[in-house]
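Asks: As they're listed, the protein sequences go chains S and W.
Here this note's numbering is used: the first residue of the first sequence is 5, the next is one more, and so on.
Here this note's numbering is used: the first residue of the second sequence is 477, the next is one more, and so on.
Fair warning: there could be bad hints in the mix.
To be verified - Computed cross-link-like contacts, DSBU-like style, restricted to lysine-lysine with a CA-CA straight-line distance of at most 30 Å:
hint : chain 1 : residue 1 : chain 2 : residue 2
1    : S       : Lys110    : W       : Lys627
2    : S       : Lys214    : W       : Lys989
3    : W       : Lys967    : S       : Lys95
4    : W       : Lys922    : S       : Lys275
5    : W       : Lys622    : S       : Lys110
6    : S       : Lys56     : W       : Lys922
7    : S       : Lys41     : W       : Lys549
8    : W       : Lys622    : S       : Lys56
9    : S       : Lys101    : W       : Lys627
10   : W       : Lys538    : S       : Lys56
11   : W       : Lys989    : S       : Lys215
12   : W       : Lys622    : S       : Lys71
13   : S       : Lys71     : W       : Lys627
14   : W       : Lys538    : S       : Lys275
15   : S       : Lys101    : W       : Lys1052
16   : W       : Lys922    : S       : Lys214
17   : S       : Lys138    : S       : Lys20
Hint data in this document are derived by calculation from the structure and do not stem from the laboratory.
As the structure is a computational prediction, the values presented were derived from the model and not from experiment.
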Amino acid sequence: MRFALFLGCNIPARVKQYELSSRAVFRKIGIDIIDIKEFNCCGYPLRNIDYKASVLSAARNMALAEKQGLNIVVLCMCGFGMFKEAEHRLKESNALKEEINAILAKEGLEYQGKTEVKHILTVLYHDVGLDVIKEKVVRKYKDIKIATHYGCHALRPSDVVMFDDPVNPELFDKLVEVTGAKSIYWQSRLDCCGAPLLGINDELSMDLTKKKIVNASESGADYLCDSCTYCHMQFDNVQQMIISSGHDGIHALPAILYTQLLGLSLGIDSKALGLANNRVDISKIEEFLSSI
Amino acid sequence: MFYSISLYLALAIFIIGLIYKVSTWFSLTISVESKKVSTRFLMALKGVIAAIFSGRILILLKVFFLDVIIQRKVMREDFLRWLAHILIYWSFMLLLVMHALDSLITSRIFPDYSPTINPFMFLRDLFGLFVIVGVCLVIYRRFILKAPRLKTNAMDHYAIILLAIIMLSGVFLEGAKIGSYSIYESMVEQYSGMEDAGEIKPLTAFWVENFGVVSPDVKGPFDQELLKKGREIHETSCVTCHSRPRWAFMGYSAARLVKGIAVALDRAGVHTFLWYIHFLACFIGLAYLPFSKFFHIFVTPVSILANSVMDRQVSEAANVETRQAVEFDACTHCGQCTARCSVAISYETFENANILPSEKIRSLRKVAAGKESGENFARILEGSSICTNCHRCTDVCPAGINLEDLWFSMRESMFKKDYPEFSLLSPLSYYRGLMRDTIPEEDYTKPLVRARNTITAGYDLIKDQTEVITIPAYDSEFQDKSLSFQASAFKDCFGCQTCTNVCPVVANYENPKETLGLLPHQIMYSLGLGLKDLALGSNMLWDCVTCYQCQEQCPQGVKVTEVLFELKNLAIQSVKAKAV
Chain S
5 MRFALFLGCN IPARVKQYEL SSRAVFRKIG IDIIDIKEFN CCGYPLRNID
55 YKASVLSAAR NMALAEKQGL NIVVLCMCGF GMFKEAEHRL KESNALKEEI
105 NAILAKEGLE YQGKTEVKHI LTVLYHDVGL DVIKEKVVRK YKDIKIATHY
155 GCHALRPSDV VMFDDPVNPE LFDKLVEVTG AKSIYWQSRL DCCGAPLLGI
205 NDELSMDLTK KKIVNASESG ADYLCDSCTY CHMQFDNVQQ MIISSGHDGI
255 HALPAILYTQ LLGLSLGIDS KALGLANNRV DISKIEEFLS SI
Chain W
477 MFYSISLYLA LAIFIIGLIY KVSTWFSLTI SVESKKVSTR FLMALKGVIA
527 AIFSGRILIL LKVFFLDVII QRKVMREDFL RWLAHILIYW SFMLLLVMHA
577 LDSLITSRIF PDYSPTINPF MFLRDLFGLF VIVGVCLVIY RRFILKAPRL
627 KTNAMDHYAI ILLAIIMLSG VFLEGAKIGS YSIYESMVEQ YSGMEDAGEI
677 KPLTAFWVEN FGVVSPDVKG PFDQELLKKG REIHETSCVT CHSRPRWAFM
727 GYSAARLVKG IAVALDRAGV HTFLWYIHFL ACFIGLAYLP FSKFFHIFVT
777 PVSILANSVM DRQVSEAANV ETRQAVEFDA CTHCGQCTAR CSVAISYETF
827 ENANILPSEK IRSLRKVAAG KESGENFARI LEGSSICTNC HRCTDVCPAG
877 INLEDLWFSM RESMFKKDYP EFSLLSPLSY YRGLMRDTIP EEDYTKPLVR
927 ARNTITAGYD LIKDQTEVIT IPAYDSEFQD KSLSFQASAF KDCFGCQTCT
977 NVCPVVANYE NPKETLGLLP HQIMYSLGLG LKDLALGSNM LWDCVTCYQC
1027 QEQCPQGVKV TEVLFELKNL AIQSVKAKAV
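With the sequences and hints as input, model every part of the structure.
Replies: See below:
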């Protein structure tokens, strides 16, 4: 199994642990990863200001992978959603596709729509399969409750992203449970983390984040688990900002990336998973693990 | 005489230019809280001394070797460019030391030095060849290979042309001298002490046969006896100071090339003419150096070294600002940043070259010098804001410039001016949100408010909540053409308000209408009624978290979130169109 790994802009600059842990998990599971140096912005942040620019960005990435005959695995859900949106719209509109391809042609690229774009959770669930992962798990979590956060842009709009059942998804919960952890039900599990508004309307953005953290805590979660760059920065960096600014005493709920959670149970060293990179300390999670 | 005057003149201009450029390092305004010139100068002095007399000197030495001498960053990114640059850089430096400054340096180290003997004669041509090959590679990369979005500006042309003139005039000057009979005559007069024409003839024959001299009357084929005699004279009088010109392989080739017209060229004094071109080109390069791309020879090492021991969090703010001013001059316009820029492709749709880091840095220098305003300023601000802060430009910059830091500082100082920037209302602002603590509170919110207010300024309808709105005539232009086919599904809305009921943003407020203007279902209604101003002027657009709950749950399949996305695009487009 081979994929071009799409990291996007934030992971190498600010969420290095997501890259580290993903690569470590891919290695352990036996997925070959190809890096395409020419990849650019996924296009997601540009959508508010210029739709065409965002589709062009996404299309260029897909054209680059297509040139090498590779499918793409995306770690971020916003990036994944953007790719799916671009793919969907380019299939729908020939005029747009021609316009985009005219620009790409200047550097010898063409988007044909042959490359498939998948989110890392989809790859693990569908391409690898729970059984295979289960076999590789060497340390199981015990008595740990995880609030699994789905993330909007992978789940919706469901007719475009086709990730899982948008109303009652279970893919992510099952992936969490394969490690022995319990994925709890919590009311706001499908709600927005608040990230799309950080920098635009911080108060609103942080309100949404706080609501989710409070709801997850109240539902008994020990940790929050996410699998998206933006969600993670929101639950980690921004939660840390909220805590240190002394915001009405919310109870800190550490957020762990799925690849870190899975990586530990696959027996990967916490250093190789970049656990120390998280702002809100998650080092104690190892106490929930059985020994090898 | 002319030579000395032009040399000293060039040197004087160079020194004045250097002083002027260095002074700008302490006066350019980059930081929001810019410091005084004198404070910056003293702080810089203190910082430099502190760095040199501390353990950091080891880091500086290591970085000097790896990044200034070897240039490993360039090698890692682009081997061809590295090869081209190293060939030019090392060879030109060696030519400068060995050839241009021979009377000051080479002749002191080697007392027997003469430009006409080996190894100097050969090495001069070898280094010259390396420079020429390097320049050819540069031309190949910039004009034939043409990496996407790599820009070549007037300064790049100047650098290439100047190097080419210096090198080619040098080669042809050497060629003209090798073939020149008059130079040969004057050498004979100066070094052999022979005056008798019969005595000189064998030597001339020997030099015409073996040294490329073209004599107007002494022509081969020569008698072996004559040549043998010539060799004897040569070995007693000339050999110690003159190697065979074949060793100067480029000059010799040039001489062979023009052999047929060498006598005419010599009579016309072409070698003198070429000599003027050669040294004048060098002097012009020297005089103009502080204002040209070649200034990087001095400044880039400074930037590389400063960045290796400085940290924005720890270093004095005044020194960070000075370092950033230095960085403007350290940029070589190599285009590596643009080649790796995450949003460079957006240049194709925004048609704003300021998005490209290699172009942006030039524009920002003008902004820092207070030289930009109006439409240009707005374009530079837009270009600076369309940036995902991915840090790739900084990672690959061979000049060691902390570009991301520079963009951040310049953006914030530009936000202080009264120009609205709309890309702030997109997730591109995420990084700014994370960096909030480093920005004074008022400076943080002002540009956000300004962007929103500028957009809504044109839509009066939304501000008056009491007025009974008259429904305008059906605006088919807007409804049918502005929105895409997909988004135009708002027509199917039957007003169930599910979108509003599931919206987490609406749910966050006690009185959402007050904050958001219109709620999602009201936006869909306004579109149905053609009330463009209401739809485009609503705060809801910019407070939408794009979670797609509304769209997912709409029983009529209205693409609510997509409509909001399109309205955002339209609102920005129309406010920009008005500004122009």
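Asks: Starting from Lys622 (chain W), check that the Cα of Lys71 (chain S) is at most 30 Å away, please.
Replies: Since the Cα atoms of Lys622 (chain W) and Lys71 (chain S) sit roughly 20 Å apart, the hinted pair holds (cutoff 30 Å).
Asks: Keeping to a limit of 30 Å between CA atoms, is the pair of Lys101 (chain S) and Lys627 (chain W) held or broken?
Replies: holds, 27 Å
Asks: Take a quick look at whether Lys214 (chain S) and Lys989 (chain W) sit within 30 Å of each other, Cα to Cα.
Replies: holds, 22 Å
Asks: Quick one, are Lys41 (chain S) and Lys549 (chain W) close enough, alpha carbons at most 30 Å?
Replies: holds, 15 Å
Asks: Measure nothing beyond the straight line between the CA atoms of Lys622 (chain W) and Lys110 (chain S); if it is 30 Å or shorter, mark the hint as holding.
Replies: Holds, at about 10 Å.
Asks: Holds or violated: Lys101 (chain S) and Lys1052 (chain W), Cα atoms, limit 30 Å.
Replies: Cα-Cα ~26 Å, so holds.
Asks: Check whether the Cα positions of Lys967 (chain W) and Lys95 (chain S) lie no farther apart than 30 Å.
Replies: Holds, at about 23 Å.
Asks: Mind checking the alpha carbons of Lys989 (chain W) and Lys215 (chain S) for me, to see if they're no more than 30 Å apart?
Replies: holds, 21 Å
Asks: Check the hint pairing Lys71 (chain S) with Lys627 (chain W) against an upper bound of 30 Å on the C-alpha distance.
Replies: Answer holds: Lys71 (chain S) to Lys627 (chain W) is near 25 Å, not above 30 Å.
Asks: Holds or violated: Lys110 (chain S) with Lys627 (chain W), Cα cutoff 30 Å?
Replies: holds, 14 Å
Asks: Run the distance test for Lys622 (chain W) versus Lys56 (chain S): straight-line Cα separation, threshold 30 Å.
Replies: Answer holds: Lys622 (chain W) to Lys56 (chain S) is near 25 Å, not above 30 Å.
Asks: Need the status of pair Lys138 (chain S), Lys20 (chain S): alpha-carbon distance at most 30 Å?
Replies: holds, 26 Å
This entry does not satisfy hints 4, 10, going by the numbered hints stated previously.
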